[in-house]
Every structure is written in structure tokens, then in C-alpha cells.
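Student: Each chain, written out:
Protein chains: 4
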Amino acid sequence: MQKGEWLYLYHDEQTYFLPYEPGGCFSTHYGTLHFPENLEFGDRIETNKGVAFYVLRPSLADLMMKVKRRTTIIYPKEAGIILLELGIESGSRVIEIGSGSGSLTVLLSRIVGSEGRVYSFERRPEHQEMAIANVKKFGKPERVEFILKDPVAEGGFGIEGVDAVFVDIPTPWVIVPQVWQALRPGGHVGFLSPNIEQVQTTVKRLEETGFVRIRTMEVWTRGIRVKEFLTRPFDRMIGHTGYLFFAQKVSSPAPEYGPEYWI
Amino acid sequence: MQKGEWLYLYHDEQTYFLPYEPGGCFSTHYGTLHFPENLEFGDRIETNKGVAFYVLRPSLADLMMKVKRRTTIIYPKEAGIILLELGIESGSRVIEIGSGSGSLTVLLSRIVGSEGRVYSFERRPEHQEMAIANVKKFGKPERVEFILKDPVAEGGFGIEGVDAVFVDIPTPWVIVPQVWQALRPGGHVGFLSPNIEQVQTTVKRLEETGFVRIRTMEVWTRGIRVKEFLTRPFDRMIGHTGYLFFAQKVSSPAPEYGPEYWI
Amino acid sequence: MQKGEWLYLYHDEQTYFLPYEPGGCFSTHYGTLHFPENLEFGDRIETNKGVAFYVLRPSLADLMMKVKRRTTIIYPKEAGIILLELGIESGSRVIEIGSGSGSLTVLLSRIVGSEGRVYSFERRPEHQEMAIANVKKFGKPERVEFILKDPVAEGGFGIEGVDAVFVDIPTPWVIVPQVWQALRPGGHVGFLSPNIEQVQTTVKRLEETGFVRIRTMEVWTRGIRVKEFLTRPFDRMIGHTGYLFFAQKVSSPAPEYGPEYWI
Amino acid sequence: MQKGEWLYLYHDEQTYFLPYEPGGCFSTHYGTLHFPENLEFGDRIETNKGVAFYVLRPSLADLMMKVKRRTTIIYPKEAGIILLELGIESGSRVIEIGSGSGSLTVLLSRIVGSEGRVYSFERRPEHQEMAIANVKKFGKPERVEFILKDPVAEGGFGIEGVDAVFVDIPTPWVIVPQVWQALRPGGHVGFLSPNIEQVQTTVKRLEETGFVRIRTMEVWTRGIRVKEFLTRPFDRMIGHTGYLFFAQKVSSPAPEYGPEYWI
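Chains as they are written, first to last, in the working numbering: chain A, 1220 to 1482; chain B, 1220 to 1482; chain C, 1220 to 1482; chain D, 1220 to 1482.
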């Protein structure tokens, strides 16, 4: 492992997330850990009280969840669907608005690869700062352009022909024309909104503006404990984060079209 | 658009998925479509009966769902989580077993980028053939190595140090040692199994073999129709495709550890 | 068993629901069954082709699901919650509108007992006829008063002091004042509506009219196949039937109150 | 209202549950309430600080949730389904084991009416005491026989021909023969168990013992906040309380039968 690489310290009842400091030490509720010079992922180390911890590689989901937050973040359960429905892959050019705390930016920067590009828009400087810091820690900042701008008030995104746009702002309907302008023909837009009225209002605007194949969904995950004779789902789960909805840009509006059936 | 490029023909009540044939024609229930020489994504074309269709870019989810099938395929709702939990990004080296119909292979080949690599194992030649055909149509075949082999019977994968392994076979527990061998330290393994007994058996084997942070989950999505005064979730949804479970390789077994809490 | 009693004929792959006819016979895909004079619940009888059927008592859920239908019916998953949230028990006096096909009427008539009473309102004669026929077959018709009337157009229910009212009509908001009039103080009202706009509109009206403790919910059930090494939830489930919402009558309106938190 | 009657004090952010004491007073975070001699349900009363509370009738769901607890209780979402699948109505004779804290006993005693009967078995005296106290407060104790006994160790229930049995004990499989003995032919048994292994073990025993139409399910509810431009499901929900499973007694075992399909 290299100095500064992020590691996920795993003990059954407790986990920690920190950068590797060769020769450093770290205090836990279970005693103090000393990190050797040649620590490797997968290693098992013990505290001075004899409690074992494992040194694990964080997953993409871990990185997204560990960003420092000023705002609600995008969760992995939604982020996975967003990638697939927006067609974001190695080489994609993507706009995101707003940057928020940068949890989705971290993911996007790792998916689009060295040939892709993420344009992350935010109008509040303090959010942008935090997003930049998080992408520097957990993402690939060289693939991201952070732009401090309100595209509604300030004449649009100023970028054209992107493959996909993802919108997570409180009034998503106001930005629909700017999204249409920025997308390449047939391109994908996605939204995440907590309230149904946000969806209702934005869907109507999408239909009027030149988007088709509008579809809305919810995503749930439920954890399950697998243990001999105690196998059962966990008692509590997240019942709602937001409604996800998607559409595709067409050359001319199609107000006669309704939303697509979706299973 | 280029000849042979896949397009998603969209009409409210009907969609078609086909490669672009400049000057060609295509018959639908709503009449015949003629494709001009200079068709572009986003275009609106009409059948000889005056019914409008839109020419859309398929998303990654579309490509996965449109593979020809001999087997159950991996659905987008699970595939998104798989990427994030296994940490599959641009540049990753990934093993998948089995190839099945290649729906996940299509996705992986588009995510790992030109510097990544997918090793897709399958022991049944007829499945492999179909997976190869599907990746040629919808994926990036130059990034995939298709291997016809049963790693359990034939001495393991023969590849080491991969970032992640995804297992979708009927008896996932038998392949746990081979997966351990193939992964780099701290690397991620994921499974999708329809029956709880498959999970119970495999989790036990993982605990004995040198994996920690074992976690199991289900994923659901539900579509919602958004239409003025008729907004409501769709009546039917998929209640189960399979249990997703994940773990990470460590240098030494940790049988004393239980599965992690997950929300 | 008595002549005319309803029985549930159960064979693994096929079930039938019919009244008992001593000495009668019944043709199935698996051959013909002859019913002896002294048939009892729990008996096992065989067709002339040697296929075994079991003679079972229908549950309340069976009776509700077996009504002849002209309309969407209330399903057991919602009906159970309705009883508990409306406080419908032995001795209760309850209004239901509309009668629909009578599936809920069947249930209510069996719950309220000989000292309770169900007032079932319907404005379409053909629905009322079917509801009456279904309650005669599966319920306790002597406890139900069927009333052909539109309480909105025709001056209210004409009944006062009932314990609970259940509303299942397309425009539930129009009937809120009449419901308030019919309920005893502190009494419960429940609604089932498929579309969110119906809920939004009716909740607003409830707040203005003198109802508090307004709460809205969805209910899901998912079946699970339990079979050795094949235990798994069923693939498909009902994703939505309707939103259930409840409130309680107070003496004076409380527009300042918002809806209650509910887990 | 009569002295001692239970009332549900409702204020938007806070609720209380207590018996009515004419002339008494009650202190809340919002000040002190004085109860007049002639308090009625639906009344609005104010604390000395001017905060309004409404006096509401508790629903059956409220009564179940408000029992004092030593054990996990049965929740309304499951209790409703239990009534319908077991066919418990006015006049039913029902066995319940164990009494637990009596939340289900409260409900059953109110549903079976004056002609029905609940036999509530419990082997731990301290649980029985609490169940009795709760039924006295919230149920109809004159319809319930509380029996302190372990029917497995002590020769069965000693009661025969009941319409339905509900089992909520940690090892439900051990009591299957006793349940068979107690039920009338074609009668219904239901179980609630948190762990899948309990279900797997008990279903096997049911198949061997003379039960058919075995079916297993989960139930979820999710609350929704309905408020102008803020309408959305609540963030958190209960992901699991237990698996519900049901079967019917037949005269002879039917090991060849698998579990029924259920949607």
C-alpha cells in the first residue's frame, strides 16, 4: 500500500475509514493500532488489546458514503441505476448539477475514465469547495471540471453535445430547457427528487420541451443477516430517499406522449 | 448515425430495437417506416400510416435487457449495485462466471474502459457462443477474454490479482477457494443467487475460506406513472430476482466474524 | 358439511371453489370428483383418474377474493389494516361507500357480529345487485343494510353516530362533509384511492372539515416458496393497489395541523 | 365519556394515551391539561399554555401498540392479515400461543364477540400476568381463557375443534402435532417467525403431519406524508418483523404436496 491510500479498517462491530500512514498509529474503542511500514490490503492487524482488524479496499459504494457532507448525498442504490439508465460508461461526457457534497461526482469521475469528462455545476461556493475536496480524496479530480454557476440565471450550461445530464436540485423543472440545450440528440437526462410534486411538475415540463420516454421509479434495498438459524432481513430499512426519473431528448416536442410503462 | 448502430424506436405503446440500415425499411403494427440516409438520434419519423416514432440512443440498461437469452439474465437494478459494491470502474480487471447470455458482460466491457479487462468464464459452449454474439453486438468485445472452462474441475481460473470476481452459478459455494486464489488482497467478490439456501451455504464457506465483511441484500424497483390526476405506481412489480451478496478477501480466514449490519 | 356450504377444493396445482352438493359431481382437468353424502372438511377425495383433492374451509381472505366482480375489489392485505385502523370489531356500526362488488361488505358483515351493523351505500343498481348476491353467498346478509343512494347529491347518508366510515369512490373529497356528519365524535374514516392526486385533494378537504390525525400508507405483501434448497420469494408481486388513508373526526376543524408521522 | 375510558390525546407533534379521569389533570411538555366532568371524544382542549389537544378514540391498532411489553408484540400490519387468513370473525373459537404481552389477545378478544372464545396459552407466569393486565385494560377479558401451560411438555392443549390456532413461539415446529389435534378438520393455523430457518423447519413438519395449502409471506407498510409540495414517503420503514405462514388441517398427511403459489 502507498502512503495516503484510503483503507477500510474492518472489525465485526466497528469500522473505520482512514488514509494509510506507514508507521502511524490509530486509536479505536478496542485499543490502539500500529500501522507497519509494509501494510498490505487484506492484512490482519491487532490492537494493543488483542482485537483483530482487517485492512480492506474501499468499494465505490464505500467512497460515496464516506464523503464529508453538507448536503443529502446520492446513495449507491440510486447511483447504480443512474449509471445504467443514463448510459454512463468509460468515455462518457456528463453534466451533473448540483455538485452537492460530491458523492456522485466521485463515482462519475471513476466511471468515465481518462477519455471521459464530468462537468459538475454548483452555485453555492461552500458546496463546491466540499465537493472538490471530496473528489480530491476519493475520486479522479483530473477528469472533473467544477463550475460555479447557476445555468438558469446565467444563460445555460455553456456546454453542448454531452451524453447525459443528471439533475439534483430543489426545483428541477426550471432547468429543463438548459438541459435540452446541453444534450446531444437522443441523449439521456436523469433526476432525483424527494417529493412527488417535484416529479409531477418536472415531467410536465419535460413533455413540453422535447423529451420522450419519460419514466419514474423508486429503488429499495434491504439487508439480510445470514447466520445459522438466525437468518433474517434487518429490522429497519430506508423507505424513501427520492424518486428517480429519466427521459431522452428528441429534436421536436411530443406533448401527445404519455410516460412509459416500467417494470 | 452510422450503419449498423443500434437504435431504440420509441412510440408510446410500442418500442423496437434494431440496427440502423440507411435506406432500409421496417414494418411495425403501426405501418412501415423508411429510414433515410441521414438519420440522426432524436429524429422523429412517421410510418406510412402517419404514426410517429422517435429514434433514441439505447441506454446501458436497454443494451443489457435486449441481449438474446438462453439463460436468466442479470437485471439493471442488480447490475448497478454490483458495480458499486465490487468497485468496478474504468481500468478494473474483473472475472465473471458464468458468461450466461452475456448481459453483465456487455455492461462490464463498457465500464472497464480500454485499460481494463473482463475475463468471462463459461463451461457450456452454447452459452459462451451466445454471450460472445451479444457482446459483439452491444458491448466492447476487444476488452473481454471469453474462456471456456470449469475452474472448479480444471484447477482454478488460472488468473491472479484481479480486482473483483462476480459469480452467478447454481452452486456458488464450490468455487469459493478458486475465487480467493484469483483475487488480489482485499479484493471484492459478489454473488447473485435466487434461493436462500445457496446464500446460507456459500456464506458459511466464505467465512471458512478467508473472506470478511460478508453482506447480503435484496433490491427492488417500482415504476410510477406520472400523469395528471392519474399518478400512481404500476400495479405489478418484480418481487424477486435473487439475493445479492458480497465479501472481501483477507490474507487469513476469520471464522469468528459474523456478517456485517447493512442498511 | 351442510348442503350449499362453500368449500375450497385444493390440489397442488389447481384449486376450485364451489358449494357442496351431496351426491353431486364436479369435473376438473384432473378427472371427475364425486361428492359423497357425508363429506367433511379436511377430507381427501380422488377423481376418477386418481388425482387427490382436499376439501378445505375457505378463509375470510378466500371469501373476499372469490366474489364475482364488476369492479376492482378490496384485497385482504388492505382489508386487514382497514379493520384495525378503523377499530371495526364485534358490535361496530359501520358505513361503507360504495358497495362495489361487495368484497369488503362480506368481511365487515362477518366481523361486526349479530350486534353490529353495516350500512353499504351504492349509487349504481347493477353494482348493488352484485354486492347483495355476493354477501348472500359469502357473508352475513342479515347484518347489512344495502342502500341505493348518492349521499353527495341526495343530502347525506341519513344515518348518524356510526363508529367508522370506509370510502372507496373515485372522488373521495366530495363526500368528506357527509362523512363528518355521519360519524360519532372521535370516529374513524378510511379511504382507499389508487392515485396520489386523489389523496392530495382529499387530505386537504379533511383538514378543512374537522378531521385530525390524518395518515397515509401503502401496504405490500410478498409470497415466499419454502421448499428444500429452493426457498425464495415469488418472482412477481403486486406493486400497488392503492393508497390507504385514515383520519378521525373532531368537533372543530384544525387546519393548522399537519399529517402525523407514521412508521 | 365514562371514567376510566381510554383516550388518545392528539397534538401534531406529540400524542398521549391515558384513561379519562373527570376533573383530573395531566401534564405535558406543552403545559397542563384539565379534564372537565363532561369530556367527549372529538373535543378540543387547551393546556394552560394555550396548546390545543384533541381527544380521540383509540383504534384497534392503537390499543395493540399501547400494551405494556415484556416481549416483542404482534404489529397491526401482520395482525390484520392473520385475522383474514385464519378466518377469525365474530363467533370464532381461537387458540393463541404464547400470550406474550397480549397485544394479539386484545385484538382477538374484540373480534370474536360475545359468542366467540379465545384460549391464550403461555408457559411463563410473568408474561401471562402482563397479558392479563393488558387485556383487562384494552380488551374483552370475559371472552378470554388464560391458560398457564406448555402444551408440548404437558400433553397438548386439552381443547379440540377450534376454528384457528395462532403460534408465536421460538420453536414453532415442536408444537405442530398438538395444533393438529386441537383444530377442527379443515381448520387454519398461522405462525409468525422472525428467522427463515424457523419457517423451513416448521413447514417440513407441517407437510409431514397432515397440513396442506402451506403458504408463506412478508408484509410491509410505508407511511406517506401528504403536504402541499412536500408529499413523500417517510424516510424510514420497518424492513422486517417476521415471516407469516399459514396452513390448513386435513384428515391425512400429504407429503407429496408442495407449498402453494401466492401473490
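No wet-lab data here; the hints were simulated from the structure.
Among these hints, one or two may not hold up.
[Claimed, not checked] Partner residues are not named here, just some residues of chain C that face chain D (Cβ under 10 angstroms, in silico):
no.: 1; residue: K1222
no.: 2; residue: L1275
no.: 3; residue: E1437
All residues carry an ideal CB built from backbone N, CA and C; glycine is no exception.
Student: Evaluate each hint against the coordinates.
Tutor: Cross-check of the supplied hints:
1. K1222: Given a least distance of 17 angstroms, the restraint on K1222/C is violated.
2. L1275: holds, 5 angstroms
3. E1437: holds, 5 angstroms
Checked against the numbered hints above, the structure violates only hint 1.
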